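Chains A and B supply the protein sequences, listed in that same order.
Last residue of the first sequence: 162 (this note's numbering), numbering continuous.
Last residue of the second sequence: 1531 (this note's numbering), numbering continuous.
Derived from the structure by calculation, the hints contain no laboratory data.
Model, not experiment: these values are computed from the prediction.
Where a beta carbon is used, it is the ideal one built from N, C-alpha and C, also for glycine.
It is possible that part of the hints are untrue.
Label pairs and their in silico Cβ distance ranges [claimed, not checked]:
no., chain 1, residue 1, chain 2, residue 2, range
1, B, Val1489, A, Gln95, 20 to 28 Å
2, A, Gln132, B, Glu1435, 34 to 42 Å
3, A, Trp133, B, Ala1417, 24 to 32 Å
4, A, Ser102, B, Glu1435, 22 to 30 Å
5, B, Ser1453, A, Arg127, 25 to 33 Å
6, A, Asp104, B, Ala1417, 40 to 48 Å
7, B, Ser1488, A, Arg154, 40 to 48 Å
Far from chain A by the CB rule (all over 12 Å, computed), these chain B residues [what the hints assert, rightly or not]:
no., residue
8, Gln1421
9, Arg1437
10, Gly1443
11, Glu1459
12, Asn1467
13, Ser1477
14, Asp1478
15, Gln1495
16, Arg1496
17, Gln1499
18, Leu1531
Here's the letter readout for the chains.
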Amino acid sequence: AQSVSQHNHHVILSEAASLELGCNYSYGGTVNLFWYVQYPGQHLQLLLKYFSGDPLVKGIKGFEAEFIKSKFSFNLRKPSVQWSDTAEYFCAVRGGSYIPTFGRGTSLIVHP
Amino acid sequence: GAGVSQSPSNKVTEKGKDVELRCDPISGHTALYWYRQSLGQGLEFLIYFQGNSAPDKSGLPSDRFSAERTGGSVSTLTIQRTQQEDSAVYLCASSLGGTGGSGELFFGEGSRLTVL
């Protein structure tokens, strides 16, 4: 069975600070990895995904994530956050089935 | 619209009543998922439909929960004899499914269920 662990449940930053949200997964085979974002009052939407190839993946709004297979990790990063990045962030893994498993989410608050 | 549509957006019901939640996926998407989002609990998988295949019901928490998908399009999630612990936001998502597509799920706005 696959599982996902997000270590930070609540993160509070000031604008221009750097961001790194941790995500570790448990699955022994080939995986597809995703980060989704839910802005206040909006539906979940894809931020970025990794399927294969370059383990450093770039997404929308300046976000990137690095797949480190040896650490079973897929951490999300952004060098300089903005107030508009305030949202809930979910990491997801899809292993042997077509059903993604989601983490508990990280609530990010960015103060202007 | 072109997105995933869910109704109702909010539902308040009394314990013991039955509720139906509806999802209209993006046209052409063969895969449809139901998840439940409880406060601080992330997204809990409930059920997955892919084309005309038998659905994967492995996430349904009890036999009070059921879902169907008619004509490979609209889906209805039914909760019978609701309990207070059923209170959550029920999310529907669709994708191109199978070996095609990018694996990206497109989510609806959700149906917030409150059981009194």
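Structure-based check of all given hints:
Checked against the hint of 20 to 28 Å, the pair valine 1489 of chain B and glutamine 95 of chain A passes, with Cβ atoms roughly 22 Å apart. For the pair glutamine 132 of chain A and glutamate 1435 of chain B, the supplied restraint of 34 to 42 Å holds, since their beta-carbon distance comes to about 41 Å. In this structure the supplied range 24 to 32 Å holds for tryptophan 133 of chain A paired with alanine 1417 of chain B, their Cβ-Cβ distance being about 29 Å. Between serine 102 of chain A and glutamate 1435 of chain B, the C-beta spacing of about 40 Å breaks the proposed range 22 to 30 Å.
Hint check: serine 1453 of chain B to arginine 127 of chain A, Cβ distance near 28 Å, so the stated range 25 to 33 Å holds. For aspartate 104 of chain A and alanine 1417 of chain B, the hinted distance range of 40 to 48 Å is not satisfied, since their beta carbons lie about 31 Å from each other. Taking the beta carbon of each, serine 1488 of chain B and arginine 154 of chain A are about 31 Å apart, not inside 40 to 48 Å as hinted. Residue placement check: glutamine 1421 of chain B does not keep its beta carbon more than 12 Å from all beta carbons of chain A (closest about 9 Å).
With a minimum CB-CB distance of about 16 Å to chain A, arginine 1437 of chain B clears the 12 Å threshold, and the non-interface call stands. Taking the minimum C-beta to C-beta distance to chain A, about 16 Å, the non-interface status of glycine 1443 of chain B holds against the 12 Å cut. With a least CB separation of 8 Å from chain A, glutamate 1459 of chain B falls inside the 12 Å interface cut-off, contrary to its annotation. With a least CB separation of 15 Å from chain A, asparagine 1467 of chain B remains clear of the 12 Å interface cut-off, as annotated.
With a minimum CB-CB distance of about 19 Å to chain A, serine 1477 of chain B clears the 12 Å threshold, and the non-interface call stands. Once the 12 Å rule is applied to beta carbons, aspartate 1478 of chain B is consistent with being away from chain A; the minimum gap is 20 Å. Non-interface status of glutamine 1495 of chain B relative to chain A is upheld: no Cβ of that chain comes within 12 Å, the nearest being about 24 Å off. Against chain A, the non-interface label of arginine 1496 of chain B holds: every CB pair exceeds 12 Å, the least being about 27 Å.
Non-interface status of glutamine 1499 of chain B relative to chain A is upheld: no Cβ of that chain comes within 12 Å, the nearest being about 21 Å off. Non-interface status of leucine 1531 of chain B relative to chain A is upheld: no Cβ of that chain comes within 12 Å, the nearest being about 24 Å off.
Checked against the numbered hints given earlier, this structure breaks hints 4, 6, 7, 8 and 11; the rest are met.
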